[in-house]
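Asks: For reference, the chains in residue letters:
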Amino acid sequence: MRREMIQKLLPFLSLIALFVALAIASPHFLTGVNLSSVVRQTAVINIMALGMTLVIVSGGIDLSVGAILAFSGVVGSMAMVAGDSVWIGIVVGVLCGFAWGALNGFLTVWLKIPPFIVTLGALGIARGVTLIISGGLPVSGLPRELTFLGDGTVFGVPFVLIVLLICAVITHVTLHSTKLGRYTYAIGSNKAAAVYAGIPVGPYTIAVYAISGLLTGLAAMIETSRLMTGQPTAGQSYELQVIAAVVIGGGSLTGGEGSVVGTLIGAFIMGLLSNGSDLLGINPYLQQAIIGAIIILAVALDEARKRKFSAS
Amino acid sequence: MLLELEGIRKNFGGVQALKRGDLRADAGQVHALIGENGAGKSTMMKIIAGMYRRDGGDVRWKGQSVDFQKPGDAHAVGISMVHQESLLAPHLTVAENIYLGRETLRGPLLDKAAMHRASGRLIEENNFPLKAHWKVRELSPAQRQLVEICRALHGASSLIIFDEPTASLSESETVEVFRIVRELRHKGIGILYITHRLVELAEIADEVTVLRDGNTVFHSDFRETSMSEIVHQMVGRKVEHIYERPKLTPGKQVLKVDLPGASFSLHEGEIVGLAGLMGAGRTELCQKLFGVTPSAAGEIEVQGRKLHPKSPREAVHAGIALITEDRQQTGLALELPIRMNITMANLGAVTQLGIVRPAEEKTVSERFRDKLQIRAASVEQNAGRLSGGNQQKVVIAKWLYRDTKIVLFDEPTRGIDVGAKAEVFALMDEMARQGKAILMVSSELPELLQVADRILVMRGGKITAELPRETTQEEIMHHAAVGE
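Here the protein sequences come in this chain order: A and B. Residues 189 to 500 in this note's numbering are what the first sequence spells out, letter by letter. Residues 424 to 907 in this note's numbering are what the second sequence spells out, letter by letter.
Simulated from the structure, these hints should not be mistaken for lab results. Errors might be hidden in some of the hints.
What the hints assert, rightly or not - Calculated pairs, DSS-like style, for lysine-lysine (alpha carbon to alpha carbon, straight line, at most 27 Å): (1) B:Lys885 <-> A:Lys379; (2) A:Lys367 <-> B:Lys469; (3) B:Lys610 <-> A:Lys300; (4) B:Lys794 <-> B:Lys733; (5) A:Lys367 <-> A:Lys300; (6) B:Lys610 <-> B:Lys469; (7) A:Lys196 <-> B:Lys785; (8) B:Lys785 <-> B:Lys733; (9) B:Lys729 <-> B:Lys885; (10) A:Lys367 <-> B:Lys785; (11) A:Lys300 <-> B:Lys558; (12) B:Lys844 <-> B:Lys794; (13) A:Lys367 <-> B:Lys828; (14) A:Lys379 <-> B:Lys610; (15) B:Lys733 <-> A:Lys379.
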């Protein structure tokens, strides 16, 4: 029982260990400037990972989040420039993400294709369409006020951190205390049993992907604000980091397991790794390889934990 | 004598699966091994086939004492086993499966042509409706069984063990298996045939051995005994009544079914049994009523209202629950706590303004845990960690909480122990007393006779008889096997 607790707390302990190690290794780590930059860097991945948590708990996967981020960012930027309004741009960007997510969910349910394939296809389509409508060039000329979303502070607290915390609380409550959340766990744990219990599995599955898309749309506008352009090439391989955050946080790729708190911890581990590598001068190409290795390690540890339980 | 077993013992952990297993099998004879579930039939056969090692007793093969360490040892002397569940590689061809694990080589390479030719010959000699190059995944369950038989025949077997070969087969496929078994017997091969279907005995058995509670209790030439003697030996001390249900007067009609081949009704306070051989269409009937496989024709009426359920959701809303025969596949979310499983079909009742009330949910699930005596320290325990009987009670709790008028039980006692069985029956009785209407599918005839108020019998997708609760196993078997 004690072992079980320790292994469940493993991601949290890793985060603390990483934090302490970096504080010792680099004098630049424990500074307000650096920590707030970690928060800003992590926020985009973190918000996307909240949506991915729902998807993974439902037993699905969404490989298209990086491409959806680029699409939403570019279309949101174009709307912002055309409408000359930050708000119009943000709403359009978020809706774009929502629509892609809903479409992903709908295609999985309607065509009965595994989400891996649907979202892999959507990745290609969204990325291609984004490059076509932008002509491959960044959308510029965004209103100056947009910087506040990504770089502003409220009483010294980064605004993105507030946005992230609000999203996290809402997602947590959704996952743990609403029908939608409960059915997400039920569908991910045993879809047939959910159907036999009279749960409308199709609509709930679509809702899960739509929420993931919506959060990705929001993340897209934060990313746009940080870059101050709508980049058609933004979000490359973000799906890797996002899925890694969920899995490190205890999400199971076979569904039925995962939590918002775990995902936040997972995303911050990823953020610290990347920040630490920068501070310590580790090759950014190597960082990507490290992330990949950590995903495998996290899943291997989790599998070992589960096997131990079923054996006992 | 080809094979002799004397006083075989086998324990699994603390459980004595086999206490005293005796058997004598001759060449050119079909020796039927019969007994209820858990009597020790499969254990004994797996010891013969070298899959388990015995804890005691003696096995003699052609007069010599033998001790097989692994399946290969048994196969080497000419013993093979046709398994109940197909152990084939679906993406490989028939020929590749026949030779799986004993491939013919030519130097370092597979001699595919030779294996293909030899498989073709084997199939032809036996007149099997197969082709060597067919992929196994495209075959029907019966054809897969034939591939298993080919595997057994390959390498000159003198004894073949069939472990309930017809369990998943249709009527005509079963007839085909009988034909093949008879042909093998004609060639002088000894056959051990495990079954718990009495009706199959008359078709093929030369000799019969009955196992009960891990002991060989009876052996006879089939022509010198009777069905009732065999049933008596199987069940032992006159059908043990683990639960006795008093007779109730049924109330008003709540379900009226008028589907092709299946017309019947259920009343308040009534438990109706549904008997039949495997593949008779009992599960399919439940699935039609529950909207899993919507019925194209016919009519269903629930409490006077017409219903054409196209999904379980519609059926549940109309007041029908289905407790499926496979709780792991379709009954439970194994990674989720008992609490969430219990409220899953009625989450709205503990939800207020869209938020699930944790305190109420806990109270509800603990109430059901206590009421159904689900043995778990806490309702937060994962359903996957419970025993079969307790898992079944969680599924029942889920539907009790949903409180549907009609409850369909498909094999409610499969894989649960005797104590839990009695508890499940008591729950069913209580549900009936509360005015629910219950349909109970079961292959365990003694249980149907104890619990049901009347018994419907299905055969070949049709209801062929309706019998009163005073009927007998023989009567049910008669209608199940040869109903008009």
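Asks: Look at each hint and say if it fits the structure.
Replies: Results for each hint:
1. Of the supplied pair hints, the one linking B:Lys885 and A:Lys379 is violated, its CA atoms being roughly 31 Å apart against a limit of 27 Å.
2. Restraint check for A:Lys367 and B:Lys469: not satisfied, since their Cα atoms lie roughly 48 Å apart, outside the 27 Å limit.
3. As the CA atoms of B:Lys610 and A:Lys300 are separated by approximately 50 Å, the hinted pair breaks the 27 Å bound.
4. At most 27 Å may separate the alpha-carbon atoms for a hinted pair to count; B:Lys794 and B:Lys733 exceed this at roughly 33 Å.
5. Taking the CA atoms of A:Lys367 and A:Lys300, the gap is near 23 Å; set against the 27 Å cutoff, the hint holds.
6. A distance of roughly 24 Å separates the Cα atoms of B:Lys610 and B:Lys469; the hinted pair therefore holds under the 27 Å criterion.
7. Our distance criterion of 27 Å between C-alpha atoms is met by A:Lys196 and B:Lys785, whose separation comes to about 23 Å.
8. Of the supplied pair hints, the one linking B:Lys785 and B:Lys733 is violated, its CA atoms being roughly 33 Å apart against a limit of 27 Å.
9. For the proposed pair B:Lys729 and B:Lys885, the alpha carbon gap of about 22 Å is at most 27 Å, so the pair holds.
10. A hinted pair counts as satisfied when its Cα atoms are at most 27 Å apart, and A:Lys367 with B:Lys785 qualifies at roughly 16 Å.
11. Of the pairs offered as hints, the one joining A:Lys300 and B:Lys558 holds, with about 25 Å between alpha carbons and a cut-off of 27 Å not exceeded.
12. Distance check on the hinted pair: B:Lys844 and B:Lys794 sit about 16 Å apart at the alpha-carbon level, within 27 Å; holds.
13. The suggested pairing of A:Lys367 with B:Lys828 holds, with an alpha-carbon distance near 24 Å, which does not exceed 27 Å.
14. The suggested pairing of A:Lys379 with B:Lys610 is violated, with an alpha-carbon distance near 49 Å, which exceeds 27 Å.
15. A distance of roughly 17 Å separates the Cα atoms of B:Lys733 and A:Lys379; the hinted pair therefore holds under the 27 Å criterion.
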